[in-house]
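Undergrad: Residue strings, one per chain:
Number of protein chains: 2
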Amino acid sequence: MKLKIKRTLLLDGLNKVSHALSTKNLVPVLGGIKFDLKKKKLVLTASDNDITIEYIIVPENDSDFVVDVEGSVVIQGKYFLDIVRKVTGEYINIEVIDSVKIIILCENSEFNLNGISVEEYPNINFELSKKFITLSVKDIKEIVSQTCFATATNEESKPVLTGINFNIDKNIVEVNATDSYRLARKQIILDEESSEKYSIVIPSKNLLEFSKIIDNNEDLVEVHIFSNKVLFKLENLKFITRLINGTYPNVSNLIPLEYTSSIELNINLFYEALDRVSVLSADKEKNTITIETFNDYMILKSSSLEVGRVEEKMFIPKLDNNIRISFSAKYMLDALRSFDGDTVIVNFIGEIKPIILNKKDDSSLIQLVLPIRTY
Amino acid sequence: MKLKIKRTLLLDGLNKVSHALSTKNLVPVLGGIKFDLKKKKLVLTASDNDITIEYIIVPENDSDFVVDVEGSVVIQGKYFLDIVRKVTGEYINIEVIDSVKIIILCENSEFNLNGISVEEYPNINFELSKKFITLSVKDIKEIVSQTCFATATNEESKPVLTGINFNIDKNIVEVNATDSYRLARKQIILDEESSEKYSIVIPSKNLLEFSKIIDNNEDLVEVHIFSNKVLFKLENLKFITRLINGTYPNVSNLIPLEYTSSIELNINLFYEALDRVSVLSADKEKNTITIETFNDYMILKSSSLEVGRVEEKMFIPKLDNNIRISFSAKYMLDALRSFDGDTVIVNFIGEIKPIILNKKDDSSLIQLVLPIRTY
Numbered sequence: 001m002k003l004k005i006k007r008t009l010l011l012d013g014l015n016k017v018s019h020a021l022s023t024k025n026l027v028p029v030l031g032g033i034k035f036d037l038k039k040k041k042l043v044l045t046a047s048d049n050d051i052t053i054e055y056i057i058v059p060e061n062d063s064d065f066v067v068d069v070e071g072s073v074v075i076q077g078k079y080f081l082d083i084v085r086k087v088t089g090e091y092i093n094i095e096v097i098d099s100v101k102i103i104i105l106c107e108n109s110e111f112n113l114n115g116i117s118v119e120e121y122p123n124i125n126f127e128l129s130k131k132f133i134t135l136s137v138k139d140i141k142e143i144v145s146q147t148c149f150a151t152a153t154n155e156e157s158k159p160v161l162t163g164i165n166f167n168i169d170k171n172i173v174e175v176n177a178t179d180s181y182r183l184a185r186k187q188i189i190l191d192e193e194s195s196e197k198y199s200i201v202i203p204s205k206n207l208l209e210f211s212k213i214i215d216n217n218e219d220l221v222e223v224h225i226f227s228n229k230v231l232f233k234l235e236n237l238k239f240i241t242r243l244i245n246g247t248y249p250n251v252s253n254l255i256p257l258e259y260t261s262s263i264e265l266n267i268n269l270f271y272e273a274l275d276r277v278s279v280l281s282a283d284k285e286k287n288t289i290t291i292e293t294f295n296d297y298m299i300l301k302s303s304s305l306e307v308g309r310v311e312e313k314m315f316i317p318k319l320d321n322n323i324r325i326s327f328s329a330k331y332m333l334d335a336l337r338s339f340d341g342d343t344v345i346v347n348f349i350g351e352i353k354p355i356i357l358n359k360k361d362d363s364s365l366i367q368l369v370l371p372i373r374t375y
Numbered sequence: 001m002k003l004k005i006k007r008t009l010l011l012d013g014l015n016k017v018s019h020a021l022s023t024k025n026l027v028p029v030l031g032g033i034k035f036d037l038k039k040k041k042l043v044l045t046a047s048d049n050d051i052t053i054e055y056i057i058v059p060e061n062d063s064d065f066v067v068d069v070e071g072s073v074v075i076q077g078k079y080f081l082d083i084v085r086k087v088t089g090e091y092i093n094i095e096v097i098d099s100v101k102i103i104i105l106c107e108n109s110e111f112n113l114n115g116i117s118v119e120e121y122p123n124i125n126f127e128l129s130k131k132f133i134t135l136s137v138k139d140i141k142e143i144v145s146q147t148c149f150a151t152a153t154n155e156e157s158k159p160v161l162t163g164i165n166f167n168i169d170k171n172i173v174e175v176n177a178t179d180s181y182r183l184a185r186k187q188i189i190l191d192e193e194s195s196e197k198y199s200i201v202i203p204s205k206n207l208l209e210f211s212k213i214i215d216n217n218e219d220l221v222e223v224h225i226f227s228n229k230v231l232f233k234l235e236n237l238k239f240i241t242r243l244i245n246g247t248y249p250n251v252s253n254l255i256p257l258e259y260t261s262s263i264e265l266n267i268n269l270f271y272e273a274l275d276r277v278s279v280l281s282a283d284k285e286k287n288t289i290t291i292e293t294f295n296d297y298m299i300l301k302s303s304s305l306e307v308g309r310v311e312e313k314m315f316i317p318k319l320d321n322n323i324r325i326s327f328s329a330k331y332m333l334d335a336l337r338s339f340d341g342d343t344v345i346v347n348f349i350g351e352i353k354p355i356i357l358n359k360k361d362d363s364s365l366i367q368l369v370l371p372i373r374t375y
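Line by line, the protein sequences give chains R and U.
All residue numbers for the first sequence refer to the working numbering, where the first residue is 1 and numbers rise by one.
All residue numbers for the second sequence refer to the working numbering, where the first residue is 1 and numbers rise by one.
Be aware that a few hints might be false.
One copy or two, it doesn't matter: identical chains are merged, so the pair holds either way.
As the list claims (entries may be wrong) - Here are the simulated DMTMM-like pairs of lysine to aspartate or glutamate, each with C-alpha atoms no more than 25 Å apart in a straight line:
#, residue 1, residue 2
1, 313, 296
2, 78, 179
3, 330, 62
4, 6, 275
5, 238, 209
The hints are simulated quantities; they were obtained by calculation from the structure and are not laboratory data.
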């Protein structure tokens, strides 16, 4: 293998696949990036067994990419990425001799790295499915920012709750995330109907990694679903994540069909009031806040035996007088952050029933927060 | 105690004294900030027994500061700081009832905090010495940025090496920091001679905290030295740190008087070359680099058995051919960062002798790095 390549072109590709580099040293070859060099393209692959990324560098012009000898090798990823980041000069020359000796030349530096033979690299199946659905980059980034926070982080909880549940039926994608104290639900309408029905659970942190390496909101991502994995394809990039086995709880019946009170609130004002009132209990796990309505005022209250208590009033005209409910300030703040725009509707049924948040006349995003019994 | 005060004025004072708030809960009262309210001033005090800060808020105009009842109380610092940061409105009303019940009113929020009686707060001696020396804020910030990094961090090493050594004699302040592998020495000339001779060791992290709360480079700081503490005074701020007991090693004899080779190097070019060459060994504790000179070139080399090796050439005209020395890249990079300007002089004596860095014709800042034997 022998190649001269524009440094920024190589760095861009390395930055993408490095999200799948294994940081554990259990399988040394997975600390490497696999290079497959052909006349007109360089294929980079990295995998930590949980996610796998393939990125194909295709040069826009000939001078950026001069292939002398085709070939393959595995290069230790962490070091190589650091080298390509730190060297100067517009081009990098990479040559492999004796299968695993890698020489990197750039301006005044010469690196000699120990490579690993490609024979040792696991065989990865990047085959596409004939049936796939299409989401935009914007869809995926919104799913991540609006639902991931609601998944369970504690590995001691049910593994299935550490993932994001995708239900795909005809032209509707319903996405759920819950840690069993709150629920985030997002609905996306597909331009083209899915020919199959799916219910899968994608590890939340893997979806987050994928969202970090895609950026152009208008780009379209093919989502190829298999029995044990999902493959996302976007131009020269393929991203595979495993799925989480197990039955996702039926969360639809948690969401009430009718409410007894619905209040339209300014998101910023409500957020900042909650943030202030939660100061005294912010270091507590539950971080409980109580809200009560009274004579056009919503009163937010919190107290801590050791520290003290706090009350804050928000003036809200034409308010129902019958609301009194306690909940976790942290969960409510998380839920509020997922909405854009100025206002949000907060819906109540009763003191021991879930609180539901959504935009006015819009159920494409629903946040549910369970109440906390305070007596 | 009853007070109406401009929020930003209070926040500024709280931010200053909070650097001394104890985060350990060993002595609960030290998690508090002591308020002493007089007709024309509010004195804030915080201490974690290691450092103690007093800041006096003196209002510039009457409307910013309305005192109804003088008095004293200790308020739980972490919570109060958070409250004053997060509440809205231009003014905050603070009232103490029954000695330890604190009511805080601001716009729509009302906080009731449990205070602590001032009787429980330790008595702190803020008395000044009649003899003191004067340093500028710039001097202190430079001492911190140019020497603190060279102190020992490991508490297992001699405690005295975790501090900064100040030797004051006549109009010269000589500052030393060493972890026994490298030495940073800075010299400051005083405008006014010190009437006494001092050799003291200030905990490095305490000096760092002090440097964070002073910002106007031209301001002058009085340094009052006592047998077991130093008190820094700057306008309304007093900052006390304990001293470290023990004899500081005599480091002067480490610095050679003559060199066999001196090279003037561009700081950025040398720094970046070292940074590249150290990539392969950056995760090793020693991070050893070797430099050799040959025919107007300085060669930087490094290698790691598992990863590989690297060589980089720097063209330096009229170079001595006889230099070959190994050292820690990390220590050399730290030392280089302490110099401003474009160039630095790197002085050598021999393979097993210290490397000395200084600016041309200037010995006010000296960095010493010990070599590493590689055979």
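Undergrad: Hint by hint, where does the structure go against what was stated? Just the numbers, ascending.
TA: 2 and 3
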